[in-house]
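Taking numbering that gives the first Met the number 0, the leading residue of the sequence shown gets 0, the next gets one more, and so forth.
Read the hints as simulated data drawn from the structure, not as lab findings. These numbers were taken from a predicted model, which means no experiment stands behind them. The beta-carbon is built from N, C-alpha and C at its ideal position, and this holds for glycine as well. Honestly, I wouldn't trust all of these hints.
In silico EDC-like links for lysine to aspartate or glutamate, alpha-carbon gap of 16 Å or less [stated by the list, open to error]:
(1) K63 to D96
(2) K90 to E30
(3) K90 to E69
(4) K63 to D82
What follows is a list of derived Cβ distance ranges for each label pair [said to hold, decoys possible]:
(5) E102 to R73: 18 to 26 Å
(6) A62 to R99: 20 to 28 Å
(7) Q118 to T58: 32 to 40 Å
(8) A125 to A87: 45 to 53 Å
(9) L112 to T55: 27 to 35 Å
(10) L120 to S74: 35 to 43 Å
(11) S74 to E98: 35 to 43 Å
(12) R59 to L124: 27 to 35 Å
(13) D64 to A125: 25 to 33 Å
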Amino acid sequence: MAQREGDGPHRGSRRRGQGELEVQVLGALREADGPVTASWVQERLGGDLAYTTVVTILTRLLAKDVVARERRGRSFAWTPTADVARLAALKMRRLLDGERDREAVLASFVTALPPNDEQVLRTLLAAADTADGGTED
Numbered sequence: 000m001a002q003r004e005g006d007g008p009h010r011g012s013r014r015r016g017q018g019e020l021e022v023q024v025l026g027a028l029r030e031a032d033g034p035v036t037a038s039w040v041q042e043r044l045g046g047d048l049a050y051t052t053v054v055t056i057l058t059r060l061l062a063k064d065v066v067a068r069e070r071r072g073r074s075f076a077w078t079p080t081a082d083v084a085r086l087a088a089l090k091m092r093r094l095l096d097g098e099r100d101r102e103a104v105l106a107s108f109v110t111a112l113p114p115n116d117e118q119v120l121r122t123l124l125a126a127a128d129t130a131d132g133g134t135e136d
């Protein structure tokens with residue numbers, strides 16, 4: 000008999016991807032009133048994650064420069080330095096940097112955007128061009 004999703008020793012829990020965990024951990028930090036410990040984050044996320052997993056995710060976020068930490072006794076207190084949108088932008092940039100034909104990737108991305116998103120992107124690009132001292136064509 001095939002095992003169904005949700006069966007087995009971890010019934011009721013599901014495996015979350017690294018990106019999803021990063022978003023959840025960053026979200027928890029942003030809800031905090033100030034610097035918090037990894038244990039606080041673990042509790043906030045429901046406690047089904049191992050403490051070491053939370054520390055690993057926090058360390059990855061530190062390397063991405065979206066959190067900061069300060070020594071508190073024998074552990075660290077963590078604070079967000081960016082929001083989830085910045086984390087998503089970093090992921091998009093990393094994916095783009097890994098491609099050979101950036102122009103093709105960008106063209107494919109833009110042509111797949113819904114009209115409203117395309118207009119938002121055009122507005123943002125125009126604002127960035129103006130801020131850099133460029134002129135619109």
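Right, here's what the structure says about each hint:
1. K63 to D96: Holds. K63 to D96 sits at ~15 Å (cutoff 16 Å).
2. K90 to E30: violated, 22 Å
3. K90 to E69: Given pair K90, E69 is violated - Cα atoms ~25 Å apart, limit 16 Å.
4. K63 to D82: Holds, at roughly 12 Å.
5. E102 to R73: 18 to 26 Å: Because 50 Å falls outside the window, the suggested range is violated.
6. A62 to R99: 20 to 28 Å: holds, 25 Å
7. Q118 to T58: 32 to 40 Å: holds, 38 Å
8. A125 to A87: 45 to 53 Å: violated, 22 Å
9. L112 to T55: 27 to 35 Å: Roughly 34 Å apart at Cβ, these two residues keep to the hinted range, so it holds.
10. L120 to S74: 35 to 43 Å: Roughly 42 Å apart at Cβ, these two residues keep to the hinted range, so it holds.
11. S74 to E98: 35 to 43 Å: holds, 39 Å
12. R59 to L124: 27 to 35 Å: Given range 27 to 35 Å: holds, Cβ gap about 30 Å.
13. D64 to A125: 25 to 33 Å: Roughly 28 Å apart at Cβ, these two residues keep to the hinted range, so it holds.
When the structure is compared with the earlier hints, violations turn up for hints 2, 3, 5 and 8 and for no others.
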